[in-house]
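Chemist: Add 244 to the 1-based position in the sequence shown for the numbering used here, that's all there is to it.
Among the clues, some could well be false.
[What the hints assert, rightly or not] Straight-line Cα separation of at most 27 Å, DSSO-like style, residue types lysine-lysine; simulated pairs: (1) K338 - K265; (2) K265 - K275; (3) K258 - K269; (4) K258 - K338; (5) K259 - K276; (6) K275 - K350; (7) K274 - K338; (8) K259 - K275; (9) K276 - K338.
[Unchecked claim] Label-pair ranges, simulated between beta-carbon atoms: (10) D354 - R332: 37 to 47 Å; (11) R346 - R298: 33 to 43 Å; (12) T335 - G304: 26 to 36 Å.
Derived by calculation from the structure, the hints in this document are not laboratory data.
Small disclaimer: the values here were computed from a predicted structure and weren't measured.
Don't be surprised by glycine CBs; every beta carbon is placed ideally from N, CA and C.
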Amino acid sequence: MARKKELTKEDRIKKEVRRLKRIYKDLEGKKKQVADGLIQEAAFMQATLEELRRMIDEQGPVDSMPQGEYSILREHPAVRTYNTMIQRYTTVVKQLADLLPREEPKEKDDGFESFVMERD
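With these hints in hand, go ahead and build the complete structure from the sequences.
Modeler: Dropping the structure here:
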């Protein structure tokens, strides 16, 4: 079975930008300008998070650091970067979500009204 060609980071960013722009295509004016900047950042962070996750998966969350004649175990540097970036990414995605128009919740029909109308 042939493997899919691995996309470059730049290609993954462009793909994510296209996906997000389709979602936010109906925004206008200043909201659209704000969304465009957030989309760029979200796409970059999403691609970077993928790289960091892959690095952590391959190398593990713990790293051995030489200290003269001995070595110590420490958190892999990619773990710290990943944890910081995922918090920032979540914030950016929340800001993007807040730009979307609120959808009015649809009332769920429990059948009571139609039951009453049938009795008359």
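Chemist: Against each hint, give a clear statement of whether it holds in the structure.
Modeler: Evaluation of the provided hints:
no. : hint                    : in the structure
1   : K338 - K265             : holds (16 Å)
2   : K265 - K275             : holds (13 Å)
3   : K258 - K269             : holds (16 Å)
4   : K258 - K338             : holds (20 Å)
5   : K259 - K276             : holds (19 Å)
6   : K275 - K350             : holds (26 Å)
7   : K274 - K338             : holds (17 Å)
8   : K259 - K275             : holds (22 Å)
9   : K276 - K338             : holds (15 Å)
10  : D354 - R332: 37 to 47 Å : holds (43 Å)
11  : R346 - R298: 33 to 43 Å : holds (37 Å)
12  : T335 - G304: 26 to 36 Å : holds (28 Å)
When the structure is compared with the earlier hints, no violation turns up for any of them.
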